[in-house]
Structures are given as C-alpha cells and as structure tokens.
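K.L.:
Given chain A's structure and the hints, the job is docking chain B onto it.
These are the residues of each chain, in order.
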Amino acid sequence: MPELGIRVLFMGNNLQRLFTGLWVTVRISLIAVLLSMVFGTFLGLAMTVRNPLVRVTLRIYLEFIRIMPQLVLLFLVYFGLSKAFGINLSGEVSAVLVFTLWGSAEMGDLVRGASNCVPKHQYESGAAIGLNRGQVYRYIILPQILRRLVPPAMNLTTRMIKTTSLVVMIGVVEVLKVAQQIIEGNRYTVPDSALWVYGAVLLLYFLACWPVSLFARHLEKVWKN
Amino acid sequence: MDTVFIKEYIPMYAKAAELTIVLGGLGIAFSLIAGLLCALIQYFRIPLFKRLVNAYIELARNTPLLVQLFFLYFGLPKAGIHFSSETCAIIGMTFLGGGYMAEAFRSGLMSVDKVQKEAALAVGLNHRQALMYVIFPQALAVSVPALCANAVFLIKETSVFSVVALADLMFVAKDLIGLYYKTQEALFMLVTAYLIILLPVSVLAAYLERRVKYAGIGN
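The listed protein sequences derive, respectively, from chains A and B. According to the numbering used here, the first sequence holds residues 1 to 225 in order. According to the numbering used here, the second sequence holds residues 1001 to 1219 in order.
Calculated directly from the structure, the hints in this document are not laboratory data. Please read these numbers as outputs of a predicted model, since none were measured by experiment. Hints are not guaranteed to be accurate.
[Said to hold, decoys possible] Straight-line distance between alpha carbons at most 25 Å, and here's what the computed SDA-like set of lysine to any residue pairs gives:
hint, chain 1, residue 1, chain 2, residue 2
1, B, Lys1174, A, Leu81
2, B, Lys1078, A, Leu58
3, B, Lys1174, A, Leu101
4, A, Lys83, B, Phe1171
5, A, Lys177, B, Ala1167
6, B, Lys1007, A, Leu76
7, A, Lys177, B, Leu1076
8, A, Lys177, B, Ala1079
9, A, Lys177, A, Phe10
10, A, Lys177, B, Phe1074
11, A, Lys83, B, Leu1179
12, B, Lys1182, A, Leu97
13, B, Lys1015, A, Met169
14, A, Lys83, B, Ile1006
15, A, Lys120, B, Arg1210
16, B, Lys1174, A, Val173
17, B, Lys1078, A, Tyr188
18, B, Lys1174, A, Ile67
19, A, Lys83, B, Asp1175
The shape of chain A in the complex, shown without the other chains:
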C-alpha cells in the first residue's frame, strides 16, 4: 500500500536528516565550484599561452580529466592515492579534490572559449581610444567574457551538484546514504518506504538544481543582445 509509505518521511526527524544529507553533497560541490572558478580561470588563461609545452601539457590534463568518468577519478584518489603513496584522504576531502580537478578543467575550457570569442578588434579599438591595458580589460574585455561565461558556469554548478551524488560510492554519508538508513531503520514498520524515500531524494536533487538551471537560462536570454 503506497499510501502508507509516505508517512515515514514525516516520522521523527527523517525529513531534517535528508536535508542534512543533501547539504553534505551541496557543500562539497559549492567548495569545489568556488575552487574551480579560481583555478579554472588561471587554467583558461594559461591555455591561451603560445608556449607549445604548456599547451600540450594542459591539453592532455584537460582531455584526460574530461574523458574519465568522475567515479573513476574518485576511485583513483580515494583508493589509489592511499595505496600508492600512503596518502589517506577522507571521502569528503577526496571528493573536493576530484571535483576541483574536474571542475577546473571544465571551467578552464569555458574561460578559454569565452576569451577566444572576444574579437581582436575589441582590444585594438580600446587601445585606439586611449585606454591602457588594464582599462581595456576592466571596461571592455572582462564584461564581455563574463556575460559569455556566467550561464555555462552556472550549468556546470548544477552538473557538479548532480555528479556529487557519486560520493556515496566512496563512503561519504550523504543524502542517498541517509535515505538507505531511514529505509533500513523502518524495514519492519514501513516495508514500502523505499518508493517514497528515494522519490523524496530525487525531488530534493531536483529542487537543488532546477532553480540554478532556470536562472542560468534566464541570464542567457537577457544577455543575448
């Protein structure tokens, strides 16, 4: 009887526990997003450097990180580092590390794309009307880059939040684990709770990501011209 299962969500502090679990995921992704923005910007600018050695190294890093499933990267850091180098990172720290590495690669690519999109004559006209290099960047180039950058960066944030759900596989107690605990804890009293609890988790992720996606789309539309 599925009508009965839903009550498990409102028993005790179950709902609050689910939110706390979601916060674990969201916190990991927010930290990783912030770090990725910083490193990704540098990475993106470094990719415009003409030095072939720098270019090739960055290219390989970027392609490797982007082609590997994020779960594989998590395994490499969580299981691999401890065995190979004796570095024992907790699940959460590994997750932040992996998502920062991955996010920086993605962000770097976005920054590179956005800065390549600004035509050369923008720099030249800026210089021609007497602005110095700093002013050209401050008033002409950066505003254009930011407009191209912010919507995809927000989409990247939602991707990060969604992908962070994988941390449950390396032993971080987040919303899915909490959901499992709640289901197991009520196995005898509410045998059909799984439907409702996992449904609730699905909804929670949706509520975390959807507003960001909507806002990104809105900005894209507003800034189009």
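P.N.:
Chain B in isolation, oriented as in the chain A frame:
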C-alpha cells in the same frame, strides 16, 4: 605493477567492458529516439504533450542518474513494478539521455530559419516533406556537436551501473581491490579500459564536429 595479475584479470575486464559498451550503446540509441520524439513534440507545439515533455526534460536534466537508478531499482518494486538490472540500467539511461538529447535536437531545430520552412512549403512540399528534406538535415548539422558530447557523457554515466547489481568495470575494479588488495593494478586496468572505450568515441565526435562545421546553406 604485477603484470601476471594484470594478464590474469584482463578477461574479467573485457567482459565488464562489453557490458558497458552494450548497455551504453543501447542507452544512447534509445536516448536519441526519445530525444528526437520530444524535440519534435516541442517543435510542432502539440498541446498537452508539449507541457509533459517540458516537465520531463527539466526532471531528467536536473536529477542525477544514480538517484534515478535507486528509485527505479529499489523504489518502484515497492509499488509492484519490478525490473531486471539490465532493464533498469537502460530505462535509467534513456530517461536521463532523452532529456539531454531532446535539448540538443531542439536547439538544432530552432536554429533553422523560419524562411526555410516557408520556402519549402511554397515550392509545394507538404509539412512532412519540408521537415524531412529541408529542416531536419540542417537542424541535424547544428545538433551534431551537442549530440556527440551527450553520447560521451552517457557512456561515462554507465560507471554507476554497479549500484543496480551489474558487474560493470567499476564493480570489477572494486572487487579486485577488495579481494586481493591489488589497488594499483586494478585501477590501472580500470583507467585503461575506459580510455579504450571512450577515446575512439571522442575522436569520432571531434571528426564529426569538423565535418558538419561548414554544413549549412551558403558555405
């Protein structure tokens, strides 16, 4: 690195890779069909269905595959709906991929100028012919990069299939780490296996992208 160990367990990885390729391939194929259907429903603004499709796309794009699989595999049986592991994996991928593919097709269809359709109708094609011979080929050329990116993304997403009790690459790697404590070897083979699967796809994607770059009217 223990090369003997690696040699011994290559067949296990090969079998797991086969599962990834088969399920990934089926998932991509079904996603393309689902995505195209959804995009056409949106393009022709079919009432009611249009709203359903919009809601579906938002839901598919804003929830992780892992949670969708948990819901399908552990949640739905409580409502009396049972799926096998493989079916769950394919349904999950189609659900997720359909949303992404629909967006890719939609942006392609939207990019075709309205004039193209009017011109096609003016030379006497009916709506179906106009879509088939004039609009869709142009839309497809625009969609290809996004479709390829989605295909790579979907193959990467297959890495969570171990949660629905499928012996995929991640499962094998974790198993070997747990059983023999051969972490480096197991992870090395894992990375190699994914590179072997994903590099050709990504190279093919880059090639297709270059091919369609100049497709379009007037180039």
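K.L.:
Work down the list of hints and note, for each, if the structure agrees.
P.N.:
Each hint, compared with the structure:
1. Lys1174/B with Leu81/A: 15 Å, holds
2. Lys1078/B with Leu58/A: 49 Å, violated
3. Lys1174/B with Leu101/A: 22 Å, holds
4. Lys83/A with Phe1171/B: 18 Å, holds
5. Lys177/A with Ala1167/B: 21 Å, holds
6. Lys1007/B with Leu76/A: 20 Å, holds
7. Lys177/A with Leu1076/B: 18 Å, holds
8. Lys177/A with Ala1079/B: 21 Å, holds
9. Lys177/A with Phe10/A: 18 Å, holds
10. Lys177/A with Phe1074/B: 13 Å, holds
11. Lys83/A with Leu1179/B: Distance ~14 Å between lysine 83/A and leucine 1179/B Cα, so the pair holds.
12. Lys1182/B with Leu97/A: 23 Å, holds
13. Lys1015/B with Met169/A: 22 Å, holds
14. Lys83/A with Ile1006/B: 17 Å, holds
15. Lys120/A with Arg1210/B: Holds - the C-alpha atoms of arginine 1210/B and lysine 120/A are around 24 Å apart, at most 25 Å.
16. Lys1174/B with Val173/A: 19 Å, holds
17. Lys1078/B with Tyr188/A: Since the Cα atoms of lysine 1078/B and tyrosine 188/A sit roughly 14 Å apart, the hinted pair holds (cutoff 25 Å).
18. Lys1174/B with Ile67/A: 20 Å, holds
19. Lys83/A with Asp1175/B: 15 Å, holds
The structure does not agree with numbered hint 2 stated previously, though it agrees with all others.
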